[in-house]
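Chain A: place on chain D using the hints.
Protein sequence lines correspond, in order, to chains D and A.
Under the numbering used here, the residues of the first sequence are numbered 58 to 485, in order.
Under the numbering used here, the residues of the second sequence are numbered 58 to 485, in order.
If you're looking for bench data, these hints aren't it; they were derived computationally from the structure.
There could be a bad hint or two in this list.
Any copy, or any two copies together, can satisfy a pair, since identical chains are not distinguished.
Taking lysine-lysine and the DSBU-like style, the derived pairs with C-alpha atoms no more than 35 Å apart in a straight line are [unchecked claim]:
{"no.": "1", "residue 1": "LYS85", "residue 2": "LYS389"}
{"no.": "2", "residue 1": "LYS476", "residue 2": "LYS85"}
{"no.": "3", "residue 1": "LYS85", "residue 2": "LYS282"}
{"no.": "4", "residue 1": "LYS85", "residue 2": "LYS105"}
{"no.": "5", "residue 1": "LYS155", "residue 2": "LYS115"}
{"no.": "6", "residue 1": "LYS127", "residue 2": "LYS465"}
{"no.": "7", "residue 1": "LYS115", "residue 2": "LYS476"}
{"no.": "8", "residue 1": "LYS282", "residue 2": "LYS105"}
{"no.": "9", "residue 1": "LYS282", "residue 2": "LYS60"}
{"no.": "10", "residue 1": "LYS85", "residue 2": "LYS279"}
{"no.": "11", "residue 1": "LYS312", "residue 2": "LYS60"}
{"no.": "12", "residue 1": "LYS60", "residue 2": "LYS149"}
{"no.": "13", "residue 1": "LYS115", "residue 2": "LYS465"}
{"no.": "14", "residue 1": "LYS60", "residue 2": "LYS239"}
{"no.": "15", "residue 1": "LYS389", "residue 2": "LYS239"}
{"no.": "16", "residue 1": "LYS127", "residue 2": "LYS243"}
{"no.": "17", "residue 1": "LYS85", "residue 2": "LYS312"}
{"no.": "18", "residue 1": "LYS115", "residue 2": "LYS327"}
{"no.": "19", "residue 1": "LYS327", "residue 2": "LYS282"}
{"no.": "20", "residue 1": "LYS127", "residue 2": "LYS476"}
{"no.": "21", "residue 1": "LYS243", "residue 2": "LYS155"}
{"no.": "22", "residue 1": "LYS155", "residue 2": "LYS85"}
{"no.": "23", "residue 1": "LYS476", "residue 2": "LYS282"}
{"no.": "24", "residue 1": "LYS105", "residue 2": "LYS472"}
Protein chains: 2
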Amino acid sequence: MNKPLRIAVAGLGTVGGGVASVLLTRGKELEERAGRTLDLVGVSARDKSKNRAANVSKIAWENDACALAKSDADVIVELIGGEEGIAYDLVKSALLAKKHVVTANKALLAYHGAELAALAEENNVALKFEAAAAGGIPIVKALRESLIAYGIDSVRGILNGTCNYILTQMEATGQSFADVLKDAQKLGYAEADPTLDVGGGDTAHKLAVLSALAFGVTPNLKSMKIEGIEHITPDDIRFAREFGYRIKLLGLARKRGDHIDQRVQPAMVKLATPLADVEGPFNAVVANAGEAGPFFFEGRGAGEAPTAGAVIADLVDIARGSFGAPFGRPAKRLTRNDTQPGPRSCAFYLRFEVLDVPGVLAEIAGRLSESEVSIESMIQRGRAPGEPVAIVMITHESVETSVASALKAIAASAKVVAKPCMIPMESR
Amino acid sequence: MNKPLRIAVAGLGTVGGGVASVLLTRGKELEERAGRTLDLVGVSARDKSKNRAANVSKIAWENDACALAKSDADVIVELIGGEEGIAYDLVKSALLAKKHVVTANKALLAYHGAELAALAEENNVALKFEAAAAGGIPIVKALRESLIAYGIDSVRGILNGTCNYILTQMEATGQSFADVLKDAQKLGYAEADPTLDVGGGDTAHKLAVLSALAFGVTPNLKSMKIEGIEHITPDDIRFAREFGYRIKLLGLARKRGDHIDQRVQPAMVKLATPLADVEGPFNAVVANAGEAGPFFFEGRGAGEAPTAGAVIADLVDIARGSFGAPFGRPAKRLTRNDTQPGPRSCAFYLRFEVLDVPGVLAEIAGRLSESEVSIESMIQRGRAPGEPVAIVMITHESVETSVASALKAIAASAKVVAKPCMIPMESR
Numbered sequence: 058m059n060k061p062l063r064i065a066v067a068g069l070g071t072v073g074g075g076v077a078s079v080l081l082t083r084g085k086e087l088e089e090r091a092g093r094t095l096d097l098v099g100v101s102a103r104d105k106s107k108n109r110a111a112n113v114s115k116i117a118w119e120n121d122a123c124a125l126a127k128s129d130a131d132v133i134v135e136l137i138g139g140e141e142g143i144a145y146d147l148v149k150s151a152l153l154a155k156k157h158v159v160t161a162n163k164a165l166l167a168y169h170g171a172e173l174a175a176l177a178e179e180n181n182v183a184l185k186f187e188a189a190a191a192g193g194i195p196i197v198k199a200l201r202e203s204l205i206a207y208g209i210d211s212v213r214g215i216l217n218g219t220c221n222y223i224l225t226q227m228e229a230t231g232q233s234f235a236d237v238l239k240d241a242q243k244l245g246y247a248e249a250d251p252t253l254d255v256g257g258g259d260t261a262h263k264l265a266v267l268s269a270l271a272f273g274v275t276p277n278l279k280s281m282k283i284e285g286i287e288h289i290t291p292d293d294i295r296f297a298r299e300f301g302y303r304i305k306l307l308g309l310a311r312k313r314g315d316h317i318d319q320r321v322q323p324a325m326v327k328l329a330t331p332l333a334d335v336e337g338p339f340n341a342v343v344a345n346a347g348e349a350g351p352f353f354f355e356g357r358g359a360g361e362a363p364t365a366g367a368v369i370a371d372l373v374d375i376a377r378g379s380f381g382a383p384f385g386r387p388a389k390r391l392t393r394n395d396t397q398p399g400p401r402s403c404a405f406y407l408r409f410e411v412l413d414v415p416g417v418l419a420e421i422a423g424r425l426s427e428s429e430v431s432i433e434s435m436i437q438r439g440r441a442p443g444e445p446v447a448i449v450m451i452t453h454e455s456v457e458t459s460v461a462s463a464l465k466a467i468a469a470s471a472k473v474v475a476k477p478c479m480i481p482m483e484s485r
Numbered sequence: 058m059n060k061p062l063r064i065a066v067a068g069l070g071t072v073g074g075g076v077a078s079v080l081l082t083r084g085k086e087l088e089e090r091a092g093r094t095l096d097l098v099g100v101s102a103r104d105k106s107k108n109r110a111a112n113v114s115k116i117a118w119e120n121d122a123c124a125l126a127k128s129d130a131d132v133i134v135e136l137i138g139g140e141e142g143i144a145y146d147l148v149k150s151a152l153l154a155k156k157h158v159v160t161a162n163k164a165l166l167a168y169h170g171a172e173l174a175a176l177a178e179e180n181n182v183a184l185k186f187e188a189a190a191a192g193g194i195p196i197v198k199a200l201r202e203s204l205i206a207y208g209i210d211s212v213r214g215i216l217n218g219t220c221n222y223i224l225t226q227m228e229a230t231g232q233s234f235a236d237v238l239k240d241a242q243k244l245g246y247a248e249a250d251p252t253l254d255v256g257g258g259d260t261a262h263k264l265a266v267l268s269a270l271a272f273g274v275t276p277n278l279k280s281m282k283i284e285g286i287e288h289i290t291p292d293d294i295r296f297a298r299e300f301g302y303r304i305k306l307l308g309l310a311r312k313r314g315d316h317i318d319q320r321v322q323p324a325m326v327k328l329a330t331p332l333a334d335v336e337g338p339f340n341a342v343v344a345n346a347g348e349a350g351p352f353f354f355e356g357r358g359a360g361e362a363p364t365a366g367a368v369i370a371d372l373v374d375i376a377r378g379s380f381g382a383p384f385g386r387p388a389k390r391l392t393r394n395d396t397q398p399g400p401r402s403c404a405f406y407l408r409f410e411v412l413d414v415p416g417v418l419a420e421i422a423g424r425l426s427e428s429e430v431s432i433e434s435m436i437q438r439g440r441a442p443g444e445p446v447a448i449v450m451i452t453h454e455s456v457e458t459s460v461a462s463a464l465k466a467i468a469a470s471a472k473v474v475a476k477p478c479m480i481p482m483e484s485r
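Pulled out of the complex, with its shape left as it was, chain D reads as follows (with noise of 0.2 Å):
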């Protein structure tokens, strides 16, 4: 019989309650697989009196999360957050340790994912993070083994939970962004501060993991463009879908030459395509992997199960002795992707809020035929009397900068109310 795998947990929200929980109740089960046993020996969070499912009263406890990279445990599973302070702490002092780590802290490896994972190397232990991107969805483990053989060309997601919901919520019920917003808080969809989950830098996060993986760069959010989906109206949900589209926020990496484009924003995506159809909490990824075509990988994308079951997967390759490099190749081989994406071609959903006088579908369209932008489709639908009016198009495959610029003047005008709003068809 193999010596069992000592565990210790540090955190113990939703996700290291399920971890606790799925080791203390599933044991059998897990031994069966890992041909040992996972025991948990240590546990941390802030609050030892607090009322947990799990019951940890037996186990070691330690006020201080760092105390368990001095431990005797082999493996530390970080589950406290942050990119820095005591996650990164902990990480950093379990691997040189030669600990094993277990994370879903994405916010860490977008910031310090290559260093930590040549620290993993060097020492060589893991540095597992199945459930720091897409949640229970085995992305990480399809990435780094699975669709190897001819390069990813593309890696295109729906990554946050809470912007899907909202999304959905916003078709579903033509509320506002903002009161659709307070509902998912009461709900518990979204945070008391939602900034990192609509303004999308969650999902970057998630994205600059996958790409690593894909692509074999360092993370690195600099190299990304990021929008949220703060702007988005009820309108343009309904537009979409006269077109034949859906709005999803989009954490989007692409080959192009020798950079990846790196991207996280609102798109416009095809009905009756995967990603249109992934509802509410869902998340999905599109992975096309060259002469082997595009697959797509949907599922429950948070939550305690989910996330704690990717963790737990984690531990039992651990267990079983399969690890490598955690980004699939070498931390040292991993090529730096620095420069921003350059201006992206294709077409885009344009809305305008313009004052209903003469005129103005005429100095629209002079502007954007200024810039080269020409015009595929047009919706222009009145309001009440008085009310602004909203005027909205297709272009043809135009280059971004160019329709930014016209925006740019056309917003300058007297006319137009709103700031224009501007999304990205993305073909499939």
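Then chain A, alone, in the frame of chain D:
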């Protein structure tokens, strides 16, 4: 530097040729991932003189594939196919000679999976088969290594690209099964003898593999109900759409108490759910992973690159020393699941071809009522005068055997001109 992994490939058809090509042309990328080189050291195929895309002229050639088991290769890749004969002999003798085996042979695994897995474990070598189910989709790895924390309740998949292509084309063109099959054969999407594909046998082989991984049962075709798509008519496909469904050939495995229900059959899948949107030669799998919820995987199920890519991923795992029990649990702990599934309770789609004479609907409704099958909705549509009429119904949830006995009585009526058709409605 670790020593190279020595690989011999038996069978140089589409997939074998693809594997050889990747090994010969993408060595650097694979080495980076595996930490050692993957060397192609031997090949075997029926015809040495055949022109092949992969240039294997400098690789040691064996006319007798079984001789590879006695070569100095570390891994044998079996791509010959068939559940008996050379494939079985080669895999068995390779495992006995303590060589790792990678295979895409679902028939071999469906008939001899438990025996071969036990042999691999006894000899402490790998038996890997990502390419054996759903082609390029990494579902074997996902079920074996990722979706393990909460157990699996059900696995449902579109596992045969030929059938899915035929059904997609029948819907697109309105042509009959026989006509579309003929075209598919011309295009190379269907074999000259299509029985194994269209009769459901190939789906059954793959389902046996997925069931073993998901539920820890020995692969066993005898425990399955297997039905093909030969009897599906363009009418069925049209009516399905009117009811809001699409017909797909599914492999279904479900936990029912201690028993695993395994079936291959055409089923009505609700439009706008992931399985309904799987088109043409694509494959897809929905795995319900307990509290972690449903996971959906889609990708190319056949063809050179997707399948060769799956073989390459297995080879890189072996090169990294990452392998355990072939079915994720020790072979000796796989449980037998010998009995056929009992009658299921669900709604059914029924189609009757009847003479356009008085009393026919009353007779059908009467028979169904006698068997306690109640009707949820119905379409009757006339054809040209004198031609038989189609009566189509969706039942409320009913016991399969009750519906079948009503259909048997109805089929005996002089007013019914063809065997009634019965297709279960799949809830998501």
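Right, here's what the structure says about each hint:
1. LYS85 x LYS389: Close across copies (15 Å), not inside one copy (39 Å); limit 35 Å.
2. LYS476 x LYS85: So LYS476 and LYS85 fail the 35 Å test inside a copy (59 Å) and across (50 Å) alike.
3. LYS85 x LYS282: Between copies, since 32 Å is at most 35 Å while 46 Å is not.
4. LYS85 x LYS105: For LYS85 and LYS105, only the intra-copy Cα distance (28 Å) is at most 35 Å; the inter-copy one is 51 Å.
5. LYS155 x LYS115: within (26 Å within a copy, 45 Å between copies)
6. LYS127 x LYS465: Result: close neither inside a copy nor across copies, 57 Å intra and 73 Å inter.
7. LYS115 x LYS476: neither (59 Å within a copy, 66 Å between copies)
8. LYS282 x LYS105: Answer is neither; intra-copy 41 Å and inter-copy 54 Å both fail.
9. LYS282 x LYS60: For LYS282 and LYS60, the Cα distance exceeds 35 Å both inside one copy (48 Å) and across copies (43 Å).
10. LYS85 x LYS279: between (45 Å within a copy, 29 Å between copies)
11. LYS312 x LYS60: between (44 Å within a copy, 32 Å between copies)
12. LYS60 x LYS149: both (25 Å within a copy, 32 Å between copies)
13. LYS115 x LYS465: neither (63 Å within a copy, 63 Å between copies)
14. LYS60 x LYS239: Neither: 50 Å inside a copy, 59 Å across copies.
15. LYS389 x LYS239: neither (45 Å within a copy, 54 Å between copies)
16. LYS127 x LYS243: Result: close neither inside a copy nor across copies, 40 Å intra and 67 Å inter.
17. LYS85 x LYS312: Result: close only across copies, 19 Å inter versus 44 Å intra.
18. LYS115 x LYS327: For LYS115 and LYS327, the Cα distance exceeds 35 Å both inside one copy (53 Å) and across copies (49 Å).
19. LYS327 x LYS282: Answer is within: at 22 Å inside a copy they meet the 35 Å cutoff, but 38 Å across does not.
20. LYS127 x LYS476: neither (55 Å within a copy, 73 Å between copies)
21. LYS243 x LYS155: Intra 43 Å, inter 60 Å, cutoff 35 Å: neither.
22. LYS155 x LYS85: For LYS155 and LYS85, both the intra-copy (27 Å) and inter-copy (29 Å) Cα distances are at most 35 Å.
23. LYS476 x LYS282: Within. Shortest intra-copy distance 19 Å satisfies the 35 Å Cα cut-off; inter-copy 61 Å does not.
24. LYS105 x LYS472: Cα proximity of LYS105 and LYS472: none, with 61 Å in one copy and 76 Å across.
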